Every structure is written in C-alpha cells, then in structure tokens.
Amino acid sequence: MKHLYLIVTMLFISFSYGQVRQGNGEIDGLKLYPNPVTDGKVFISTTKNAPKQIAIYDVLGTKVLETKITGKELFLRDLDAGVYVLRVFELNNVATRKLIVK
Numbered sequence: 034m035k036h037l038y039l040i041v042t043m044l045f046i047s048f049s050y051g052q053v054r055q056g057n058g059e060i061d062g063l064k065l066y067p068n069p070v071t072d073g074k075v076f077i078s079t080t081k082n083a084p085k086q087i088a089i090y091d092v093l094g095t096k097v098l099e100t101k102i103t104g105k106e107l108f109l110r111d112l113d114a115g116v117y118v119l120r121v122f123e124l125n126n127v128a129t130r131k132l133i134v135k
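In short: position in the sequence shown from 1, add 33, done, that's the working numbering.
Hints listed in this document are in silico derivations from the structure and should not be mistaken for laboratory results.
Honestly, I wouldn't trust all of these hints.
[Claimed, not checked] Restraint-style ranges between C-beta atoms, simulated for each label pair: (1) D113 with N82: 25 to 31 Å; (2) D61 with R110: 26 to 32 Å; (3) K81 with D113: 18 to 24 Å; (4) N125 with G73: 27 to 33 Å; (5) A114 with K81: 30 to 36 Å; (6) V118 with K74: 16 to 22 Å.
[To be verified] Here are the simulated SDA-like cross-link-like pairs (lysine to any residue), alpha carbons at most 25 Å apart as the crow flies: (7) K96 with Q86; (8) K135 with G73; (9) K64 with L109; (10) K135 with P67; (11) K81 with D111; (12) K74 with D91.
Fair warning: this is a prediction, and the values are worked out from it, not measured in the lab.
Each residue gets a CB set at the ideal place from its N, CA and C atoms; glycine is no exception.
Using the sequences and the accompanying hints, generate a full structural model.
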C-alpha cells in the first residue's frame, strides 16, 4: 500500500510540474554569440527573429539589466566583468543561458 501512495504522489508531482511549464517552451534556434563577451555587445538570434524581452541577472539573482531588442544586437558596455544569467522572452517562450562578460 505504501508503494501505491508513493507512485500516486510521484505522478501528481510530475503532472503538476508539467502544467507549470506549459506555454513556456524553449526558443527555436536560439544562438548567443560571442560568449564570453569581450567588446561590450552580444548577438542574440532565433529562428523567428521576433522582438525579444531580455533580462540579465547577476550570480546573486539581482536583476542588473532589462531591455527589449528588435534586432540581434544587445549592448552590454555598462556590465562589469563576471558571470550572469540571461533570460530571453520571445513569443510566449522563454530560454535561459549563462553569459560571461570579460
């Protein structure tokens, strides 16, 4: 009987997790280059090349930049050297990548 409860609990957790992720699929053809960034700009391209909302967080989780781009270029001259988390939002899809600034 304990095994049945364990199986039901695991199914419930995995079903719940799947519901949260619905509508937030990976962005097709996402390319982020150059990484590490050395000249103060990074290029973000996707298959659809639609406008993108960009959020950048430091390693402590503090949002350091939020902007919207319509092309591929994102200027990062104001960011200090370090490791960041980049979140890209495009057409109800979200992708997260590690970004290194030198």
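Now the hints, each set against the structure:
1. D113 with N82: 25 to 31 Å: 29 Å, holds
2. D61 with R110: 26 to 32 Å: 29 Å, holds
3. K81 with D113: 18 to 24 Å: About 32 Å separates the Cβ atoms of K81 and D113, which means 18 to 24 Å is violated.
4. N125 with G73: 27 to 33 Å: 30 Å, holds
5. A114 with K81: 30 to 36 Å: 32 Å, holds
6. V118 with K74: 16 to 22 Å: 18 Å, holds
7. K96 with Q86: This hinted pair holds, its Cα atoms lying about 13 Å apart.
8. K135 with G73: 9 Å, holds
9. K64 with L109: 17 Å, holds
10. K135 with P67: Distance ~11 Å between K135 and P67 Cα, so the pair holds.
11. K81 with D111: Given that 25 Å is the threshold and the Cα spacing comes to 28 Å, the pair is violated.
12. K74 with D91: 17 Å, holds
Violated hints, listed in ascending order, are 3 and 11; each of the other numbered hints is respected by the structure.
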